[in-house]
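Protein chains: 2
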Amino acid sequence: MKIGFIGTGVMGTGMILNLIKNNYDVTVYNRTKAHAATVIDAGAKWADSPRDLAQVVDVVITIVGFPQDVEETYYGDNGLFKSAKAGQTLIEMTTSKPSLEAKIAQTADAKGINTLDAPVSGGDVGAKNGTLTIMVGGEQAVFDQMKPILSAMGSNVNLFGGHGKGQHTKMANQIMIAGTMTGLSEMLAYGKAAGLDLSALVKTVSQGSGDNWSLDNYGPRILAGDFKPGFAAKHFLKDLRIALQESEKMAIPLPATEKAKELYEKMVDQMGLGNDGTQGLVKLYRDMKTD
Amino acid sequence: MKIGFIGTGVMGTGMILNLIKNNYDVTVYNRTKAHAATVIDAGAKWADSPRDLAQVVDVVITIVGFPQDVEETYYGDNGLFKSAKAGQTLIEMTTSKPSLEAKIAQTADAKGINTLDAPVSGGDVGAKNGTLTIMVGGEQAVFDQMKPILSAMGSNVNLFGGHGKGQHTKMANQIMIAGTMTGLSEMLAYGKAAGLDLSALVKTVSQGSGDNWSLDNYGPRILAGDFKPGFAAKHFLKDLRIALQESEKMAIPLPATEKAKELYEKMVDQMGLGNDGTQGLVKLYRDMKTD
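Those protein sequences? They're chains Z and E, same order as listed.
Quick note: the first sequence, position 140, residue 140 per this note's numbering, numbers continuous.
Quick note: the second sequence, position 125, residue 125 per this note's numbering, numbers continuous.
So here's chain Z without its partners, still in its complex pose (with noise of 0.2 Å):
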């Protein structure tokens, strides 16, 4: 089976080489081509487009930045939909609205084409590892087909219901992970100004009932200095904006995880720390302090 991948970021770099491994003949696009030389050297093969691509691939997997780029990967004119057929099959990973899953699954229906929406969650190391978890919206059957597929580049893939369902799970992860980020750097914005020593109360938070993921792997690198991106801070803002989005629409008021999003854009569009890694939340107290 040839598959299509569009998008060799951080991620899809990871991906690529994973499906490369499994044997899977691959072609990708990705608009920088420079960033595509890693997976080329790798032996992928390249198309000028994404309306080139699909016209020689069976599976198209995209996972690019931005609902806008979504829209443009999908719609633009020289977007998949120019020319993919009956029978093909989109998978969708990028984290993205589930409107625009609909929308997508919406026209490639009309066409004959398949679509899963199958965000990810894992970050880099979980991409390079193979290990990412993907949740996945669409139709049992066509899961079931993409799944080995899925399984080159994940350990954890599961079916979430139809259309959109896989991006309201991504959604709900973010929401999650909204509580541990604030609630982390807020506690070492506390535990600084009380003159605690913070890598012993990491370490002391960790062995209890504040224990989280956050907390393991950013306390130490926030300590360190190292803001460097593990998710980019302007990814994450992304997202919990478009949870804040689908929240509204349900009549679900969220507001921790409004407030969450509050002081990422404090951090993104005042502080333009956007591509900070999500853990760089925490530059946004010490410069409160200083206020």
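Among the hints, erroneous ones may be present.
Which copy? The list can't say, so a pair holds if one copy fits it or any two copies do.
To be verified - Calculated pairs, EDC-like style, for lysine to aspartate or glutamate (alpha carbon to alpha carbon, straight line, at most 20 Å): (1) LYS283 / GLU248; (2) LYS82 / ASP52; (3) LYS192 / ASP211; (4) LYS259 / GLU248; (5) LYS192 / GLU258.
These are calculated hints, taken from the structure and not from any lab test.
Using the hints provided, position chain E relative to the given structure of chain Z.
Below, chain E without anything else, positioned relative to chain Z:
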């Protein structure tokens, strides 16, 4: 060494049983004597007041409810300071105000009495199993002397600095948990509204970067409709109020923790659910939904 123990609630009972198991001679006092039956059956002696208790022991441990209970226990007409004398040690294990701990330390110091503040985390299970995390503030020499006693109750016993630093560490711990509890509640509220299988959601999120203790322990309880307190919401709200008073004193705004406090205020003060466990916060969202 003779130990006096004030407070035979859920936490105190487990802690006292572990002291007795470690062959300490324990005398207890509790405002409601009936609640001391379990430990008296296990061999603890009874004193009629904190004042009486301090006359017959070397070390007094206190773990009561709210800061006003601590105040009464130490400074009341029948309080500890009415009879405590030089050479004794008072260990305050209630989660309480760092400023009150400082005041107790000052009063004690003037009388030649040693003090430690030593709040705990780990809940009723940790108290029962002797695996509490104990966060200590005070002098190194006093800590070293008391460590065997503390180690009979906890498996993770550390000194974090001078008087009040134990309480500050506990506050930082609660700030972290405010994040995991709000995140968990809003994740489930969103997931329910989006029609996701919540068991599958909890399982998937716990396998990735959203994993945390609250999710693992309270997620399944919430889905089973179990809101029994591991830790009562009214006590958690007390802790958040103290944390925010302290952060205000230090001029460190903690907006996400402030939001968490507001949500727990709605749950405890408006909905009257203070005796539910902290996981009852999710009920707020169900009600918000049906508004």
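When the structure is checked against the list of hints, which entries are broken? Sort them ascending. none
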